[in-house]
Structures are given as structure tokens and as C-alpha cells.
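Order-wise, the sequence lines are chains A and B. Each residue of the first sequence is one higher than the last, beginning at 1 in this note's numbering. Each residue of the second sequence is one higher than the last, beginning at 1001 in this note's numbering.
Treat the hints with caution; some may be incorrect.
[Said to hold, decoys possible] Cut-off 25 Å, straight-line C-alpha distance, at most; resulting in silico cross-link-like pairs (DMTMM-like, lysine to aspartate or glutamate):
| hint | chain 1 | residue 1 | chain 2 | residue 2 |
| --- | --- | --- | --- | --- |
| 1 | A | K46 | A | E180 |
| 2 | A | K146 | A | E42 |
| 3 | A | K95 | B | D1134 |
| 4 | A | K194 | A | E54 |
| 5 | A | K146 | B | E1182 |
| 6 | A | K95 | A | E54 |
| 7 | A | K95 | B | E1135 |
| 8 | A | K194 | A | D26 |
| 9 | A | K108 | B | E1057 |
| 10 | A | K46 | A | D26 |
| 11 | A | K108 | A | E55 |
| 12 | A | K146 | A | E196 |
| 13 | A | K194 | A | D173 |
| 14 | A | K95 | A | E172 |
| 15 | A | K194 | B | E1057 |
| 16 | A | K95 | A | E180 |
| 17 | A | K194 | B | E1182 |
| 18 | A | K95 | A | E145 |
| 19 | A | K146 | A | D26 |
| 20 | A | K194 | B | D1134 |
| 21 | A | K95 | B | E1057 |
No lab work stands behind these hints: they were computed from the structure. Remember, it's a predicted structure, so these values are computed and weren't measured experimentally.
Given next are the chains, with one letter for each unit.
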Amino acid sequence: MMRFALLLAAATGGACAADLNAIVRDARGQPVADAVVIAVPEAPAKAPVRPRLEEVQQIDQEFVPRVKAVVVGSPVSFPNRDSVRHHVYSFSAAKRFDLPLYVGTPAKPVLFDTPGVVTVGCNIHDWMVGYIYVSESPYFATTDEKGGAHIGSLPAGAYTVRVWHPQLAVSEDSTRRRVELGAALDLEWQVALKPEVRIRRAPTPGRPGRY
Amino acid sequence: MLGAALPLAAHAQWTAQYDAGLAHERNFSRAQQGADRISDTAITLRAALDRALPAGESAEITVGAEARLARYTRSHGASYAAVGLNGGWRTKLGLGRTAPWIAADASLGFEDAGEAVRDALRSAVSLSAGRRFDERLTTAAGFAYDRREQREDLPVVPGYGGKPFSLQGRTLFARASYAIGERASLTGSAALRTGDVESSTRRNFAIFTAANAIANDPALGADFIAYRLPGARTRTIGGGVTWDFGRRVALDATLIREDTRVAGGLDYDNVIFGVTLAYRP
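Pulled out of the complex, with its shape left as it was, chain A reads as follows:
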């Protein structure tokens, strides 16, 4: 599912807007989903960013979406759609928080006010892991199952574009590209990914219950 984060479109106007189409593949050429493509304008934004309320749900004891990109300053709500309680937390430098056991939607969203990657977990279900990418730029998108991401209506100008993914084997900095955006631009990355090692959720023979 393609995601857009265009908070300045109305302020900057569409007349001189450009589109950025990105494709992210792994080292074997396979499409990479859940990669965040971020375009950072070299010229400062002309209008203030107006973050909106974002949402990361818990469905079937997983975070949905698993990777969520938000602009810095965004409040994020963590509604629990499961029938069991969750205890959502993060120890990440960009945001430390703790939502003790709850069902439904916590009354107060969490404010993500520092750029960076925030890894979230559940203290009850250790296999649950999600990522919130807090972008300093309002221009970003997350790749879909085909590895594609589209950032529309970008103001023309110079940008630094980079890619982040939870399994990225190289530094995010090494994916940087400087581009001049005048009209539509297609970009493609081929990135090395580390194997994904997650805490087991599969059944263990003989458990639960043993005598």
C-alpha cells in the first residue's frame, strides 16, 4: 500500500510541482516493501509543517503497519484492535515512551518530536515489533509490495533523497542521492538487507501445557 505524506502541497501550490517515483529492490533484485523513501529539500520549506494525527494499530498481535513514516511533530495513536491487552513501549533515543496495559485506544496519542527511527514493542507479546520513522522532511512515502513509492506534488528544486528500511545492511546515509526535481523523476535503489531475525511466534512442541 502506497502511503503519502504531503503536508505542504496546498501551501506550495501545484503549478511547479514534481513527482518522485521510487523503486527499491534488494541485492537479488526482488522488490522491498516497507522501505521509507525520504526527500529532503535543500531550500527551507516556505510554509510551516502541520502534522496530523497518525495511527499504528495492533491487529492479531502485530503492529499494523509494521513501518510507519511520520513527519516530525506528529502525534501517533496506538489503537488496540485485539481482544487481548497490549503494553506498547519504546526505548529508542528518538522517543522513549510506555503505554501500560490497555485495550481500545489510549486517550492521549504519543508525540514524536525528534527525527529518527523509533522501534516499538509490546511487553506482553515479545514478537511484536514495529518501526516509526520520524522524518525531518514532510516529503516521504513507504514502498508497497512491489517496492514502489510515490511522492507527489513536490515543489521543484534540489533534494537529497534517501532510503531507510529496518533490515538495511548499510547506513541510511550511504543511500543518499542529490537530485534536481523539475517534473517527474524515477529513481531506483538496490540495497543490501540483513536477514530478518524476529522473536519466534511459531508454536513450540510440547508447550503450552506439559506434565
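We have chain A already, so just place chain B on it with the hints.
Relative to the frame of chain A, chain B by itself:
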């Protein structure tokens, strides 16, 4: 009190699991001499239903029931059906996936075997603690007390009790699991158990003098006798690999070696190889 429990029950979680497997024992009779050692393979089935209830900010109580079947290919009289109940309490000592945890578990079950001498009521309690170090490595260690009560007294020798399958023991155990990829994990375990063991052999004066309960064990052969040997020490080392097929199915292969030391030189060893397919709907 009931009213306070109801909101918790509303957020309880049911978990069902079904296991099917094969288990081969090189010394199923747990005999000392080669001529008495009987190897056998069992087809095993298990169905379990658990309910986890939250108990505070980072603790949960689990109650469950299970049914098991084991069909031995050679020793038909040892085949059994079993039902059991279990309960446990587990809490994390902190926040996060690497926070250590402690747990207390108890279980009670009844086994109905092909031969009456092997019918038994089993119970166990354990205390354990563990810690996950990262996504790959998780460890646990603990203490367990197990008790098996043979249902029927079947004496064959005057002056000796007829319940060689009534056993009890205390075990110190440790286990670890290490993920070696996106789907595969290696597991390892070690345990030291002290207490009673049961050993089935043909007539043997040395074991006769060391035993404190004796009965016929026709499951292994008309000439086999079951002896209860007190004060045994069993060291167990195990290793295995688990392969996950998604979040609901896993295939587990384990190899376990047991070395039992008994006073009077009545030592024996055993190797158990098992393959189990587990499914959680």
C-alpha cells in the same frame, strides 16, 4: 472478588495447539545389560488448550488442559492415553523484551496405559527464571519436582512393594534457544535429576537387591520385571533444531542423551530422538 476478575477474563486469550510426532528411544526399557535393552518408537499425538489471563501490569496466569496419545510400535502395552490439567504464573521483572522473567508452573495428569502396571497419576511443579538477550538468544533455568503414582499395587515378591512406577525426583534444568536465521533455531538443554528411576530387565540378582519395589512389566515381554531404584542421578543433555513454517506451524527435531547413575553399578544410558510437528490454529 468475582467482579474484579470479570474484566480480566474479558481480555483472556485462548490458545490451542496440536502436536504430532515420532519418538525413538534406544533404551526404552532403561536396562543395564545389552540383552535387556529394548528400543522402541512411539507415534505421539497431543492436543492442548490454554487460557492466559492478565494478572497485573506484566504478569499472566495460564490455565490449560491437554490430551495425549502414544502408540509404541513394539511395546504395545506401554502405549497410553493421557489427560491433564496445568496452571502457571509468569511475570516480567521490568519493561522490554530483554527483561528477565520468573515463572511457577504446576501440572496434574493421568495416564492410562495398555498394561495396568503403567497406569499412573503424574504431577509436577516447577520454578523457573529466564531472560532473552536479543532477537536470537533466549535462556531459562529452573528447578522442578516430579511425582508419578502408580495406580494399582501389583506385588510379585513378598516384602517388596508392587509399585515400581511410583517415582519422585527433583531436577535442576537449563535451556537455551538461538535463532540462526529467519526460520531456524537451535535449541540446547541440560538437566540433572536426582530421585527414583524405573528400570525393566529380565531377572537379575544385582538389580533385585537394589530395588525397593518390584512388579511384572508385561509391556516389554512376559519375562520382564520392573524395578524401582532409589537415589539415582540422571544427567540429560539435549540439542535440537526448530524450523518455523510461518507463525502457526513448526517442525522440531531433538536428540537427547540420558546418563543415569545408580548405586551398585546399575548405571544405564538412553538416547531419545524425536521429531514433532506443531500446529497452532
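Okay, the hints, checked on the actual structure:
Proximity of A/K46 to A/E180 is assessed by CA-CA distance (about 18 Å); at most 25 Å being required, the pair is judged to hold. Restraint check: the Cα-Cα separation between A/K146 and A/E42 comes to about 29 Å, which exceeds 25 Å; the hinted pair is violated. Of the pairs offered as hints, the one joining A/K95 and B/D1134 holds, with about 20 Å between alpha carbons and a cut-off of 25 Å not exceeded. With a C-alpha separation of about 28 Å, the suggested pair A/K194 and A/E54 falls outside the 25 Å cut-off, and the hint is violated.
Annotation: proposed proximity of A/K146 to B/E1182 holds, straight-line Cα distance about 21 Å (limit 25 Å). Restraint check for A/K95 and A/E54: satisfied, since their Cα atoms lie roughly 15 Å apart, inside the 25 Å limit. For the hint pairing A/K95 with B/E1135, the CA-to-CA distance comes to about 21 Å; that is within 25 Å, so the pair holds. A distance of roughly 10 Å separates the Cα atoms of A/K194 and A/D26; the hinted pair therefore holds under the 25 Å criterion.
Between A/K108 and B/E1057 the alpha-carbon distance is near 19 Å, which keeps this suggested pair within the 25 Å criterion. Distance restraint check for A/K46 and A/D26: the Cα-Cα separation of roughly 36 Å exceeds the 25 Å cut-off, and the hinted pair is therefore not satisfied. For the proposed pair A/K108 and A/E55, the alpha carbon gap of about 12 Å is at most 25 Å, so the pair holds. A hinted pair counts as satisfied when its Cα atoms are at most 25 Å apart, and A/K146 with A/E196 qualifies at roughly 19 Å.
Straight-line distance between C-alpha atoms of A/K194 and A/D173 comes to about 17 Å, which keeps the hinted pair within the 25 Å bound. Restraint check for A/K95 and A/E172: satisfied, since their Cα atoms lie roughly 19 Å apart, inside the 25 Å limit. Taken as a hint, the A/K194 and B/E1057 pair is broken in the structure, with Cα atoms around 34 Å apart against an allowance of 25 Å. For the hint pairing A/K95 with A/E180, the CA-to-CA distance comes to about 33 Å; that exceeds 25 Å, so the pair is violated.
For the suggested pair A/K194 and B/E1182, the alpha carbons sit about 10 Å apart, so the restraint of at most 25 Å is met. As the CA atoms of A/K95 and A/E145 are separated by approximately 28 Å, the hinted pair breaks the 25 Å bound. Distance restraint check for A/K146 and A/D26: the Cα-Cα separation of roughly 12 Å lies within the 25 Å cut-off, and the hinted pair is therefore satisfied. Restraint check: the Cα-Cα separation between A/K194 and B/D1134 comes to about 16 Å, which is no more than 25 Å; the hinted pair holds.
Distance hint between A/K95 and B/E1057 is fulfilled; the C-alpha atoms sit about 22 Å from each other, no more than 25 Å.
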